[in-house]
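*Asks:* Per the working numbering, the sequence shown starts with residue 75, numbered consecutively.
Don't take every hint at face value.
Label pairs and their computed distance ranges (CB to CB) [claimed, not checked]:
1) 400 <-> 93: 32 to 38 Å
2) 293 <-> 338: 57 to 63 Å
3) 494 <-> 303: 17 to 23 Å
4) 281 <-> 498: 36 to 42 Å
5) 344 <-> 397: 20 to 26 Å
6) 465 <-> 238: 37 to 43 Å
7) 301 <-> 216: 48 to 54 Å
8) 273 <-> 93: 37 to 43 Å
9) 433 <-> 210: 42 to 48 Å
10) 291 <-> 471: 31 to 37 Å
Source of the hints: derived by calculation from the structure; they are not laboratory data. All residues carry an ideal CB built from backbone N, CA and C; glycine is no exception.
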Amino acid sequence: MAYSLSMAVVSPALPLIQEGLGTSAAGAAWALTAMTLSAAVATPLAGGLGDLFGPRRVLLGVLAVATAGMVVAASAASLPVMLVGRALAGVGGGVFPLAYTIIRETVPPARTSAAVGLMSSMLGVGGAVSWCVAGPVIDHLGWRWLLWLPVCGLVPGWFAAWWIVPEGRRRPAGRIDWWGAVLLAAWLAAGLAAPTLGAHLLAVAAVLAGVWLAVEARADEPLVDLRLMRLRGVWTANAASLLSGFALMGGGVLFPLLVQLPASTGFGFGGSATQAAMLQLPSAVGMSAAGVAAGVLDRRVGARRVLLAGGVLAGAGLGFVSVAHDAMWQLYAGGTVRGVGLGLAYAAVANLVVAAVPATHTGVATGVNTLLRTVGASLGTQVSAVIVTASVPDGGGFPAEWGFVLGFTVSAVAMAGVLAAAAAAPCRR
């Protein structure tokens, strides 16, 4: 929870970070991008290390690095120091695959799906909670306290892991595919930086991805086993994760902006940052509750049907808000339904992956799944911001209503893609 909060918490504070560090809007945006890039590489790598050396040992290291990174970022007096801290904090992305491995090894099989569902929902809940706390913290304490807040969870989290989590099994032998890790980092960095630094990086990312695939196909012990990625339960879950992450942060950008636009625009509500934050609270509660419920539903009807239900609910909530946003109750209703749907979807994709792969590959397989959720969230943030910015009149001023309508519609279409992935997923109890 603390890690996912640290990932999302800078989004509402980007304008203040820009002002506080004396940088440009693009420079401030790198406070988010740097952590996303780091997490994209660290997540599958930490999962693989956990499979080799035991998840507890790697979890303690990951939490320590992430905590140190957040302390550096919160204390930073310049943008370069901030980016170093955020990059270190991104290593915390390894928490999720390591947690799934620990759950699979220690929790009784009858309770595994519920535990996986709850853990999976935390990735989305952290993003929603970041918007809930952003307004009050910024209004009363200042933007730096947004960066200190995750530390208050990471430090006790480290001690709890050290005290409670048992030693896990290790593979008898193995090694890390460092070349695969370097190439993965290179093509992900190029692809995620393309919206900020230029479309030419997409071509670079495509070439590097091709090289990475060739290297992984020939490696004796690849960082990402491509044979596992071709399993039906894995590739469908990965596609759904990417699209669900997009819808989560796409809506996370649009809802607060819409609430805070002046009422003089004809469709804004003139709300404060705190009022915008409170709009996310029912969504966060619904997402967490749905994550727990998804585990029970998984045992009764299977993860595929849970994913279908999640896609329908999240898509319906976003679609509703795209056409009905004249009153706050409509935003609350649509946002809450969206949160419940995403909670179900996040839990279902994790359970699909866990059920599809051998226990010895749980870490790396769930690491890739979490990575794709992170990439989807980054794309959702950037695409929604681009759409809203494009709706601003040439002479300046506030965004037009059609920008929000289109933004919510695009996120709803992403959830329609989740339905397609769910339809292709294996049907098993």
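*Asks:* Can the suggested window of 48 to 54 Å be confirmed for the beta-carbon pair residue 301 and residue 216?
*Replies:* holds (50 Å)
*Asks:* Lying within 31 to 37 Å: is that true of the beta-carbon distance residue 291 to residue 471?
*Replies:* At roughly 52 Å between Cβ atoms, residue 471 and residue 291 fall outside 31 to 37 Å, so the hint is violated.
*Asks:* Against the range 32 to 38 Å, how does the distance between the Cβ atoms of residue 400 and residue 93 compare: consistent or not?
*Replies:* holds (33 Å)
*Asks:* May I ask you to test the hint 37 to 43 Å on the CB atoms belonging to residue 465 and residue 238?
*Replies:* violated (49 Å)
*Asks:* At the C-beta level, are residue 293 and residue 338 separated by a distance inside 57 to 63 Å?
*Replies:* Since the Cβ atoms of residue 293 and residue 338 sit about 60 Å apart, the hinted range of 57 to 63 Å holds.
*Asks:* Given the hint of 17 to 23 Å, is the C-beta distance from residue 494 to residue 303 inside that range or not?
*Replies:* Distance hint for residue 494, residue 303 holds at roughly 18 Å.
*Asks:* For residue 281 and residue 498, compare the CB-CB distance with the range 36 to 42 Å and indicate the outcome.
*Replies:* violated (29 Å)
*Asks:* Is the gap between the beta carbons of residue 433 and residue 210 within 42 to 48 Å?
*Replies:* Taking Cβ atoms as reference, residue 433 and residue 210 lie about 43 Å apart, which means the hint holds.
*Asks:* Regarding residue 273 and residue 93, is the given constraint of 37 to 43 Å on their beta-carbon distance met?
*Replies:* Violated, since residue 273 and residue 93 (Cβ atoms, about 29 Å apart) do not stay within the stated range.
*Asks:* Are residue 344 and residue 397 spaced within 20 to 26 Å by their CB atoms?
*Replies:* holds (22 Å)
The structure fails hints 4, 6, 8, 10 (numbered hints given earlier, in ascending order).
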